[in-house]
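Undergrad: No gaps in the numbering here: position 226 of the sequence shown is 215 in the working numbering, and each next residue is one more.
Be careful, since some hints might not be right.
Stated by the list, open to error - Listed next, the in silico DSS-like pairs over lysine-lysine satisfying Cα-Cα at most 25 Å (straight line):
| id | residue 1 | residue 2 |
| --- | --- | --- |
| 1 | K68 | K106 |
| 2 | K68 | K326 |
| 3 | K106 | K185 |
| 4 | K677 | K635 |
FYI, nobody ran anything at the bench for these hints, they're computed from the structure.
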Amino acid sequence: MTRTLIILGMHRSGTSCLTGSLQEAGLHLGDVNQKTRGNEKGTRESMAVMELNDAVLASVGAAWDDPPDDGIVWREDHKAQRDQVIKATAHSPVWGFKDPRTLLTFDGWADALPDAKFIATFRDPYAVAGSLKSRDGFPIERGLKLWRAYNERLLSVCSERDVTVVNFDWSPSRYRQGLVEACATAGLRAPANGFKFFETRLRRNESAKHAELPAELRTIHRRLQTAARVTMHRARKRSLRSNGHDEDGRNHKEDPSVFSGSKSAASDRLEKADPNELDALAHTLAKGRRWPEADAAYRAAQDWRRRSLGFRSDNQGVRSPIANAAEARAQIKQACKMLARFGAQYWAADLVGLLEANGEQRSLVENSTSWPAGRALMERKYVPLPAPPSDVRKNVLSVMIPVHNVEQDDWLCEALDSVLGQGLDEKRCEITIVDDASQNPTAHRVAQRYGPRIRYLRNDRNFGLVGNHNQCIAQASGEFVHILHQDDRLQPGFYDALLPVLQGNPDLVAGMSDTGYINDRGRLTSEPPAPQSRGVLEDWQIRLSLQLRIQFPSIIVRRSAYQAVGGFSPSLKFSFDWDMWNRIAVSGPIWFEPKHLAQYRVHQGSATYRFGWLERVQDAMQTVALMQSYVSVGQRPAIAEMGIYKFFERYWTLLCEGPPEETSDDQQQLLDFLLSGWTRPGEAKQVKTKLVALRSAAAG
-10 MTRTLIILGM HRSGTSCLTG SLQEAGLHLG DVNQKTRGNE KGTRESMAVM
40 ELNDAVLASV GAAWDDPPDD GIVWREDHKA QRDQVIKATA HSPVWGFKDP
90 RTLLTFDGWA DALPDAKFIA TFRDPYAVAG SLKSRDGFPI ERGLKLWRAY
140 NERLLSVCSE RDVTVVNFDW SPSRYRQGLV EACATAGLRA PANGFKFFET
190 RLRRNESAKH AELPAELRTI HRRLQTAARV TMHRARKRSL RSNGHDEDGR
240 NHKEDPSVFS GSKSAASDRL EKADPNELDA LAHTLAKGRR WPEADAAYRA
290 AQDWRRRSLG FRSDNQGVRS PIANAAEARA QIKQACKMLA RFGAQYWAAD
340 LVGLLEANGE QRSLVENSTS WPAGRALMER KYVPLPAPPS DVRKNVLSVM
390 IPVHNVEQDD WLCEALDSVL GQGLDEKRCE ITIVDDASQN PTAHRVAQRY
440 GPRIRYLRND RNFGLVGNHN QCIAQASGEF VHILHQDDRL QPGFYDALLP
490 VLQGNPDLVA GMSDTGYIND RGRLTSEPPA PQSRGVLEDW QIRLSLQLRI
540 QFPSIIVRRS AYQAVGGFSP SLKFSFDWDM WNRIAVSGPI WFEPKHLAQY
590 RVHQGSATYR FGWLERVQDA MQTVALMQSY VSVGQRPAIA EMGIYKFFER
640 YWTLLCEGPP EETSDDQQQL LDFLLSGWTR PGEAKQVKTK LVALRSAAAG
């Protein structure tokens, strides 16, 4: 029985590479060109197919570079010519053809070949536009317009047909995996000696930064990436099955597909779904290749989101009256949660998609994938830590206090007094101030005031915030290291509660107490509920991936644990501690004491308050991205979304506080970023207008 394969994709998107690779595996193409201008290995296109597609397009006044606005009705003479082309080529076990114009003339070919299989490829819009500019002299804007026209049609086909989609921007190893799955779709066997047609040098005009794409192109590109991830998921399952494993790697028979239900059942599920769960439902349906239902779920989620924000089709925001200031504050609270959720869903899906498309973070670094907002996903810099100096007596505990340009000595004295009041054995404990080349002598004078009980070290140069924390570890001689900031303080019994447990349990990498939060006057402002009762923290690495739950004054870390994971990474500026605690949690168990024994001071003079709002958010997003390597692939979507949501909600709340006329340039930049990507043109403006109205009403 003869099988038919139709290869789909936009010009300059890897269709030739895909077709040539399938030809290696045994796909019969007939007489095709094998060398053309701009393609040294040939486009692998049949002249008969190309000429027919051109004739069909010309009959409605269109062309490959001037796509028709609507579908095309084939003339009878074109249908007859089509049938002759098929008859002349379809005489091998597996035959097929490729021509990008087929996306524009698709219905006529699909009518004649109802049992055909479909394989498609896509590429980053800017890479395609750049290639068209090099080959045809098209302006970038024209290339992007063509990319949109072709790939909107591709998504339409995917919503109605079972299409295997590959991404030409995948890493070489991943792309070859996609080729293997494409062969399986076509009923071909991948070449035993590998695919020789595909070479990385075939990729020219590498894509520009992904975050610079216009919103409408990003949406199309993201949906294509979702389709391609399904292909890779199937490839992985096929590989595991061939080795007697299921998709989770367990060696037993695979369960029947959960996507075997009827279309009506899926429609019922969509109608009954909670609006907040529509995106998850769409993703599930897409993984099961239920494209029409998945597309309907995506559209329903999008429509619900816009209705809940008050968007209308005429782009005029709904302006419902606000009864009073209390109602306005309540609406602001709900709006912040909602806006944070939408942004988190968008960026989390973007991150997980990049990880699935490119492999682990190392591949993302090598490929300079942009996330977020045009910033390359950096590689976490590993900082080796030296062993304690051999000529220094071994201490049980090193209390290290990093300082720089201390202006007033009262908080530093408070911190020192809270340590000295713990009754520590002077012979087994060192208390050290590590001064990062301060320009004033305040910290040195405080150390002198306390005498030999306090050691004072001054760096010979300024290492910066992160570097000075690493200096604290490097200079510590104790088995356990407690980094205490000069503006924080301890409560009585802190060390008595933690040190004996750590000394008696060598498997513990750290111990921590519950934390209270104080203001600049030392008054307790909040005391969050303890995460659990006394004992080893449960699932702590996962919980740390969702939210920063450790502050410096509350945790003591075994020095060997710091050495094992490396120092604080200079790749991160604002959330370097969050990254460290996550790595520590991965390395071993942490003991928790639920008593409120450490106090963290929140004030606008702290080092972290010097960072801009957008800088803080993007740094935290990079931290979330780096944490994904520590969780299973199945956990990533939920963990990434929740991790991003937590600080998105916090900063939306901060943005909505105070009079609207006091929004600074820094806050405006963050506002624009938080609305980027998931809003359509004009909708971001509507959100801003609505929030200004709510803030004004809330102010009374």
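Undergrad: Run the structure past the numbered hints and jot down the numbers of the failing ones, going up.
TA: 2
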